[in-house]
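From just these sequences and the hints, can you work out the full model?
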Amino acid sequence: MSSEVTSTGTVDRVALLLKVLAESNGDSSVAEVAQRMRLPTSTTHRLLVLLVNTGLADRGSRAGTYRAGLEFLRLGGLIVSRTEVTTVAEGFMQRVADGTGETSVLNLYVPAEQKAMIVKAIYGHHPLRIEQELYKMSSLAYGALGRSMLAFLPAEVVDEVLAKQEVSPITGRPMQDNRTIRRELALIRERGYAVSKGQRALGAVGMGTPIFRSQGAVVGSLCITMPESRFVESRESKMAHVLMEQARKLSATLGHVPSGG
Numbered sequence: 067m068s069s070e071v072t073s074t075g076t077v078d079r080v081a082l083l084l085k086v087l088a089e090s091n092g093d094s095s096v097a098e099v100a101q102r103m104r105l106p107t108s109t110t111h112r113l114l115v116l117l118v119n120t121g122l123a124d125r126g127s128r129a130g131t132y133r134a135g136l137e138f139l140r141l142g143g144l145i146v147s148r149t150e151v152t153t154v155a156e157g158f159m160q161r162v163a164d165g166t167g168e169t170s171v172l173n174l175y176v177p178a179e180q181k182a183m184i185v186k187a188i189y190g191h192h193p194l195r196i197e198q199e200l201y202k203m204s205s206l207a208y209g210a211l212g213r214s215m216l217a218f219l220p221a222e223v224v225d226e227v228l229a230k231q232e233v234s235p236i237t238g239r240p241m242q243d244n245r246t247i248r249r250e251l252a253l254i255r256e257r258g259y260a261v262s263k264g265q266r267a268l269g270a271v272g273m274g275t276p277i278f279r280s281q282g283a284v285v286g287s288l289c290i291t292m293p294e295s296r297f298v299e300s301r302e303s304k305m306a307h308v309l310m311e312q313a314r315k316l317s318a319t320l321g322h323v324p325s326g327g
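According to our numbering, numbering within the sequence shown proceeds without interruption in unit steps and concludes at 327.
Worth flagging that the hints you see were computed from the coordinates, not collected in a lab.
Careful: at least some of the hints might be erroneous.
With a straight-line cut-off of 27 Å between C-alpha atoms, the simulated BS3-like cross-links for lysine-lysine are [said to hold, decoys possible]:
no., residue 1, residue 2
1, K304, K186
2, K186, K202
3, K85, K230
4, K304, K263
5, K230, K202
6, K85, K263
7, K230, K263
8, K181, K202
9, K315, K304
10, K85, K181
11, K230, K181
12, K304, K230
13, K230, K315
14, K202, K263
15, K315, K181
16, K186, K85
17, K186, K263
Pasting the structure below:
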């Protein structure tokens with residue numbers, strides 16, 4: 067019985083460690099990982115060495131630091147790439163990239179974490195573009211990527227996300243006051259898409275619209291991103307039309323039937 071409990075405890079700790087490494091922004095020291103896991107540094111170090119030996123963790127560029135390993139990233143990528151949404155979305159994303167000339171980005175909603183995650187990007191024909199980091203979770207409170215989903219999530223989820231008061235990924239400063247954000251979310255719901263400038267990446271403009279499954283559940287968002295220097299407001303309406311049309315068709319493919327439809 068005791069060996070079974072010990073084995074289960076080890077699995078739980080390894081699972082938590084993988085989660086901590088996946089969500090870390092860059093390399094982390096043993097002490098930093100141990101603090102997040104609430105474990106002794108000796109135990110944490112032993113688990114990290116175990117993951118390094120299997121390729122699920124790598125040693126960082128600084129001595130005594132660690133990061134998620136290439137094997138872990140490969141396995142995560144394989145899982146995501148085989149999900150229904152990612153597979154089905156490719157043709158719709160390509161039409162967005164072709165129709166706007168800009169990078170088309172697919173994001174999934176991660177309910178357990180109340181986060182967004184970029185899982186696929188199709189780049190437009192411009193050589194100057196915003197590179198996308200795949201499989202990294204980010205706040206729903208920032209950028210067209212997140213807010214285009216947040217606006218259509220249940221009110222209790224919106225309340226919980228805003229209550230976290232997550233700081234800006236660019237400035238590190240507190241978010242806008244909740245009243246301002248709620249007004250923007252209402253505008254997004256009204257027009258069907260979000261626009262953001264420099265909220266997730268300096269010098270970038272994003273446009274996003276939600277993707278739904280059956281029964282109206284938000285599954286993610288379809289977005290385009292471009293350098294701010296290339297964004298012309300006179301193009302916004304046309305790009306939004308292309309984006310929303312493809313998102314609507316993708317949602318229909320996933321079983322979504324609009325209310326009244």
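Ascending list of hint numbers which this structure does not respect: Checked against the structure, the hints that fail are numbers 6, 12, 13, while the rest are satisfied.
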